[in-house]
Amino acid sequence: MNKSMSIEAMVGRLKSGMTIGIGGWGARRKPMAAIREILRSDVKDLTVVSYGGPDVGLLAAAGKIRKLVFGFVSLDSIPLDNHFRSARQAGAFETLEIDEGMLQWGLRAAAMRLPFLPTRAGLGTDVEGLNGALRTVTSPYDDGEVLIAMPALNLDAAFVHVNAADTLGNAIVTAPDPFFDELFCRAADQAFVTTDRLVTTAELGGMPGMRHHLVERSCVTGVALVPFGAHPTSSGPDYGFDFKHLKDYNDAAFPDWRARFVDGVSHDAYLAAVGGAEKLAALPLPVF
Amino acid sequence: MTYTLAELCITAAAEAWRDNGEVLASGIGLIPRLAASLAKETFEPALMMTDGEAYLVEEPVPVGKRGGYQPKVEGWMTYARVFDVVYRGHRHAMTGPVQVDRFGQQNISVVGDYAKPKAALLGVRGIPGNTINHINSMFVPNHSTRVFVSGEVDMVSGVGYNPARLSGGRSDRFVDLRLIVTDLAVLDFGGKNHAIRVRHLHPGVSFDQVQAATGFPLEGRETATETPAPTAEQLRLIREVLDPHNVRATVFKENPPGDRREAA
Chain A
1 MNKSMSIEAM VGRLKSGMTI GIGGWGARRK PMAAIREILR SDVKDLTVVS YGGPDVGLLA
61 AAGKIRKLVF GFVSLDSIPL DNHFRSARQA GAFETLEIDE GMLQWGLRAA AMRLPFLPTR
121 AGLGTDVEGL NGALRTVTSP YDDGEVLIAM PALNLDAAFV HVNAADTLGN AIVTAPDPFF
181 DELFCRAADQ AFVTTDRLVT TAELGGMPGM RHHLVERSCV TGVALVPFGA HPTSSGPDYG
241 FDFKHLKDYN DAAFPDWRAR FVDGVSHDAY LAAVGGAEKL AALPLPVF
Chain B
1 MTYTLAELCI TAAAEAWRDN GEVLASGIGL IPRLAASLAK ETFEPALMMT DGEAYLVEEP
61 VPVGKRGGYQ PKVEGWMTYA RVFDVVYRGH RHAMTGPVQV DRFGQQNISV VGDYAKPKAA
121 LLGVRGIPGN TINHINSMFV PNHSTRVFVS GEVDMVSGVG YNPARLSGGR SDRFVDLRLI
181 VTDLAVLDFG GKNHAIRVRH LHPGVSFDQV QAATGFPLEG RETATETPAP TAEQLRLIRE
241 VLDPHNVRAT VFKENPPGDR REAA
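Residue numbers (my numbering), protein chains in the order written: chain A, 1 to 288; chain B, 1 to 264.
It should be emphasised that the hints constitute simulated quantities derived from the structure, not laboratory data.
Only a predicted model underlies this, so the values are computations on that prediction, with no experimental measurement involved.
From the three backbone atoms N, C-alpha and C, an ideal C-beta is built for every residue, glycine too.
One or more hints might be untrue.
[Claimed, not checked] Mimicking DSSO-like on lysine-lysine, the simulated pairs with C-alpha atoms at most 30 Å apart in a straight line are:
{"id": "1", "chain 1": "B", "residue 1": "K118", "chain 2": "A", "residue 2": "K244"}
{"id": "2", "chain 1": "A", "residue 1": "K44", "chain 2": "B", "residue 2": "K118"}
{"id": "3", "chain 1": "A", "residue 1": "K15", "chain 2": "A", "residue 2": "K3"}
[What the hints assert, rightly or not] Simulated restraints on C-beta separations:
{"id": "4", "chain 1": "B", "residue 1": "G64", "chain 2": "A", "residue 2": "A277", "range": "27 to 37 Å"}
{"id": "5", "chain 1": "B", "residue 1": "D84", "chain 2": "A", "residue 2": "P115", "range": "40 to 50 Å"}
{"id": "6", "chain 1": "B", "residue 1": "F252", "chain 2": "A", "residue 2": "N131", "range": "29 to 39 Å"}
{"id": "7", "chain 1": "A", "residue 1": "G132", "chain 2": "B", "residue 2": "A119", "range": "18 to 28 Å"}
{"id": "8", "chain 1": "A", "residue 1": "R211", "chain 2": "B", "residue 2": "E222", "range": "31 to 41 Å"}
{"id": "9", "chain 1": "B", "residue 1": "A119", "chain 2": "A", "residue 2": "L168", "range": "44 to 54 Å"}
{"id": "10", "chain 1": "B", "residue 1": "E222", "chain 2": "A", "residue 2": "P115", "range": "48 to 58 Å"}
Just need the whole structure built from these sequences, with the hints factored in.
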């Protein structure tokens, strides 16, 4: 068994109109190389589920999003992503704007093959009413409490970025926070993992290092070796986020940006264009 | 001892966590973070705090470049765990709303029409879940009628004391709003039916001034007292331990004094 794939092959499995989930959080451990590959593809009309960072900004600016399922879009040290804001303010896509815990709940419901999971989060806010997609459920027990029935967020595909993986689909996330990448993989028909390092199974960490294991490999469809595949977002403890690059991205006109860093730019050419592996390896870990 | 408005807001906001005990103190933004840190360092040591990323620390991590400082880790607090803490109710967050209304409902999502907003902001983040599950306070650095709006906020991201929205079997039993610290005053929800009330006026600020900067009627005209000045020990902790690089000087334009009469 060998699940090695190129990111081109991964993106080649996508079809227009699909629902895709993107792992990471804000400007942290986003599968950015895969996102840039989606920008180069013909795929469009995507429903995108994300704890949003520059992944959402790029996809929104490129007109790839039909509907965004999100709790926020942020570049961390830079609070707001201008490309997301422009597209959102133009009404360029539909939204299902939900509490970030509801997003987790939707992924969890999908992972459990349930239609929904109940939650108090969102009750009484415009999250409950504006989106139209959300319904309530009444507790069948004596309390009779009314709760939001957060619908399953079933994903056609998920993309996550990890520190290391083997070719079987075992991956480890040694970053301080694994975020919700496990649930993104569990909620998806096909889960694609990009990794900073491709290693043997024995090199993944054994015991107790395997406490960093992402998810059992049956939930992983393909693995692509993409060193610095999270750039310009962070992949702690290996490299921090590229603050200057994120700032330049945020201030840039999108057509210029995609001409420089996306269109016709292979990953190797990208790494050279953003300063080279040596510079990226030295990006300091963020201090919050 | 003279002190800045930023320092006054830090000590006033720290009071939000008094007698909270073992809860996760989440101060989002510089002033709330320093306020939570000060509370933990002084009168509320049982508070739990994070390094701002994923670890619980036994003493507050100083703001800015840390030099040789190593966080004193006492546990792990990933975002998944933060949600679990939210659901369990062991948390008191202080966040920065863009709009607040008379019910204490807050907005951090969009300004203007929802479908085509004038300004797309962060998104609701965790505010819906926070406000219906645990204690919350707010910090508003620009007290004005643009923030404290006359009607409901444009997009209700966080719930407040508005029975119309929490009816029909929806439970409000964990809704618990405490303080709103602003550049003019300290507000609480101690008015009639949780109406917003002025608890303290910052030195040199009048009730009329605060009312004029607020889009709805405030209670507390007869009872509001002056915001207590920071103590020498509080100022030492803020200046030497918690914020040694004086990042707080950037919060308010020209870093004004805490007592407005000194500025005149």
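To see whether the hints hold, each was checked on the structure:
Of the supplied pair hints, the one linking B/K118 and A/K244 holds, its CA atoms being roughly 28 Å apart against a limit of 30 Å. Between A/K44 and B/K118 the alpha-carbon distance is near 26 Å, which keeps this suggested pair within the 30 Å criterion. For a cut-off of 30 Å, the pair hint linking A/K15 to A/K3 stands: about 20 Å separates their Cα positions. Look at B/G64 against A/A277: about 29 Å separates their beta carbons, and that is inside 27 to 37 Å.
Distance hint check: the CB atoms of B/D84 and A/P115 are about 23 Å apart, inconsistent with the given range 40 to 50 Å. At about 37 Å, the beta-carbon gap between B/F252 and A/N131 stays in the expected band of 29 to 39 Å. Between A/G132 and B/A119 the beta carbons are some 23 Å apart, a value that agrees with the proposed interval 18 to 28 Å. Separation of A/R211 from B/E222 is about 59 Å and departs from the stated range, judged on CB atoms against 31 to 41 Å.
Checking the proposed 44 to 54 Å range against B/A119 and A/L168 shows it holds: the Cβ atoms sit about 47 Å from each other. A hinted range of 48 to 58 Å holds for the C-beta pair B/E222 and A/P115, which are about 55 Å apart.
Violated hints, listed in ascending order, are 5, 8; each of the other numbered hints is respected by the structure.
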